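Trainee: Chains as they are written, first to last, in this note's numbering: chain V, 13 to 152; chain D, 13 to 152; chain G, 13 to 152; chain E, 13 to 152.
Worth flagging that the hints you see were computed from the coordinates, not collected in a lab.
Just so you know, not all the hints are guaranteed correct.
[To be verified] The calculated label-pair distances, taken between Cβ atoms and stated as ranges, are:
1) Arg146/G to Ala140/V: 52 to 58 Å
2) Asp111/G to Asp111/V: 31 to 37 Å
3) Thr16/G to Asp78/V: 32 to 38 Å
4) Leu81/D to Pro138/G: 46 to 52 Å
5) Pro21/D to Arg143/V: 36 to 42 Å
6) Ala140/D to Ser144/E: 47 to 53 Å
[What the hints assert, rightly or not] List of simulated lysine to aspartate or glutamate pairs, EDC-like, C-alpha gap at most 20 Å:
7) Lys133/V to Asp78/E
8) Lys133/E to Asp78/V
9) Lys133/G to Glu100/G
10) Lys133/V to Glu92/V
11) Lys133/V to Glu65/V
12) Lys133/D to Glu65/D
13) Lys133/D to Asp78/G
14) Lys133/D to Glu100/D
15) Lys133/G to Asp78/D
16) Lys133/G to Asp99/G
17) Lys133/E to Glu65/E
18) Lys133/D to Asp78/D
If you're wondering where the values come from, they're calculated on a predicted model, not measured in any experiment.
For glycine and all other residues, C-beta sits at the position ideal for the given N, C-alpha and C.
Protein chains: 4
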Amino acid sequence: MDQTPFRHPFLPTLYDIDAAGVLFFGHLFRHLHDAYEAFMAEVGWPLPEIIAEGRFALPIVHTSADYLLPIRHGQALMVELAVTEIDESGFGIDYRIRDADNRLYATASTRHRCIAPEAQKRCPLPEALRRSLRHYSNSR
Amino acid sequence: MDQTPFRHPFLPTLYDIDAAGVLFFGHLFRHLHDAYEAFMAEVGWPLPEIIAEGRFALPIVHTSADYLLPIRHGQALMVELAVTEIDESGFGIDYRIRDADNRLYATASTRHRCIAPEAQKRCPLPEALRRSLRHYSNSR
Amino acid sequence: MDQTPFRHPFLPTLYDIDAAGVLFFGHLFRHLHDAYEAFMAEVGWPLPEIIAEGRFALPIVHTSADYLLPIRHGQALMVELAVTEIDESGFGIDYRIRDADNRLYATASTRHRCIAPEAQKRCPLPEALRRSLRHYSNSR
Amino acid sequence: MDQTPFRHPFLPTLYDIDAAGVLFFGHLFRHLHDAYEAFMAEVGWPLPEIIAEGRFALPIVHTSADYLLPIRHGQALMVELAVTEIDESGFGIDYRIRDADNRLYATASTRHRCIAPEAQKRCPLPEALRRSLRHYSNSR
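Pulled out of the complex, with its shape left as it was, chain V reads as follows (with noise of 0.2 Å):
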């Protein structure tokens, strides 16, 4: 991530934190996605908007994360956000979960493909969304 990522806080709750102590590993995506939603916004491509005007939909089709450090109840974070691999049929995103001091607690990724939502098909990523999402690509 050599460009300025997009960053959005994360302070993990009561509920993020599970029976062992730790955040439960599947809240990590609640988060990300919070991040991504904040991101898409700041972008001019509200989710929202996208899926009231249903020309196409940005489903995930691919996840990873690694968990290098636990993660506790109210420790101020930031997810890190950078665009990769903007293709024909989708995007990549890359996530780092720091803290102030840059510690690195979780890397993680999702890969998102443009479908026409009526025909659950492929469709091409629209031309102006390729755009706004090179802004913040690691990779232009």
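Position chains D, G and E relative to chain V; hints supplied.
Mentor: Relative to the frame of chain V, chains D, G and E by itself:
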């Protein structure tokens, strides 16, 4: 609840428990709703069909819950469900959370109102649904 | 609520909305609790510290909510929070969910009881905490 | 997966579905973990006991998932679980989500590392646990 209630198992998971070591109060509602979904399927009105048909919706307009004993990870519990107060515009559900020794951990209720999804206006509860619900009502 | 309430933003996410197209009623409680966590930090009693110290816990023993208007994806809402009924053994919180036009979408309440975590018995609410809460109480 | 896998039902609920009308990708992990909790109980290592005893913990250090077909409200699915790569310090789990017609909706994996909870350091996977896991391993 003098009628035999509908029963649905509730086994609190790792992620139902929060940083304080007990069930997060808000997660109870997922489990109540699981019991309600199972109940509606049992009485012949599965929610996915009601939603797909789109003739009416049954949003929850009120809920309350009392937490009597702490609920912990892996405790084998049961949700007991009974229908209350069926009227023109909706119905109520009472829930009791018990263990195998009949100890009461929580009680809760939901109130469902029949609405026409398009207009977001009240509509009368279909008579056929009312009949189905009455079998599990404790106030026949 | 005649006192200035504590305010916390609530922007319903993609996953707050359910198969019926509106906020899942149970997800309201996550957002109420986010407001409560932010409030407790604001008044000098952050939950992670209370839990780490272990002198007392403040479990929710009762909650209720009324859903007045459907809440949709991306609607910019605000949780207004005010303390009610502080007594020997606990306190209540009232919540109101409004949009920027002051339209009321939901109201809710929680009742917290002070307990000694080890014994799981009631303990008196610390006087210093009571004083902190009183600043946001609408029943001074 | 040539061994008979462990199976756990997965019936997507109202609140598993998001504003786009399909399973929220992050909610898959709750259901994978439900299958994992049921599996661990089945092989004699219930998570609540492992946590209560506190000798070791099995946090997830990596996960990935591929979403092949949209998952909708009320679809009767099955999580198939098989153990992979048991080694000194941990083990992997593979998951496949299928319907009754054997159609594949998603695949996923988790990697668990054995740690000593106090020190937050790796510890060897207990030999007895390794033996229990091997019965469901596809790489014996």
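Trainee: When you check the alpha-carbon spacing of Lys133/G and Asp78/D, does it fall within 20 Å?
Mentor: holds, 17 Å
Trainee: So if I understand the rule, the pair passes when the alpha-carbon distance is 20 Å or less; does Lys133/D with Glu65/D pass?
Mentor: holds, 17 Å
Trainee: Is it true that the CA of Lys133/D sits at most 20 Å from the CA of Asp78/G?
Mentor: holds, 17 Å
Trainee: Against the range 36 to 42 Å, how does the distance between the Cβ atoms of Pro21/D and Arg143/V compare: consistent or not?
Mentor: Cβ of Pro21/D to Cβ of Arg143/V: about 52 Å, so the range 36 to 42 Å is violated.
Trainee: Can the suggested window of 46 to 52 Å be confirmed for the beta-carbon pair Leu81/D and Pro138/G?
Mentor: Between Leu81/D and Pro138/G, where Cβ atoms are some 24 Å apart, the hint is violated.
Trainee: Do the alpha carbons of Lys133/V and Glu65/V lie within 20 Å of each other, as the hint requires?
Mentor: This hinted pair holds, its Cα atoms lying about 17 Å apart.
Trainee: Take the C-alpha atoms of Lys133/G and Glu100/G, compute the straight-line distance between them, and say whether it is at most 20 Å.
Mentor: Measuring from Cα to Cα gives roughly 14 Å; hence the hint holds.
Trainee: Would you check the hint for Lys133/E and Glu65/E, treating anything up to 20 Å between C-alpha atoms as holding?
Mentor: Measuring from Cα to Cα gives roughly 17 Å; hence the hint holds.
Trainee: Could you grab the alpha-carbon distance between Lys133/D and Asp78/D and see if it respects the 20 Å cut-off?
Mentor: violated, 30 Å
Trainee: Decide if the proposed pair is consistent with the structure: Lys133/V and Asp78/E, CA atoms, cutoff 20 Å inclusive.
Mentor: holds, 17 Å
Trainee: Could you check the hint for me, namely that Asp111/G and Asp111/V are 31 to 37 Å apart, CB to CB?
Mentor: holds, 34 Å
Trainee: Tell me if the straight-line CA distance from Lys133/G to Asp99/G falls inside 20 Å.
Mentor: Holds: Lys133/G and Asp99/G sit about 16 Å apart, inside 20 Å.
Comparing the model with each earlier hint shows violations of hints 3, 4, 5, 10, 18; every other hint is respected.
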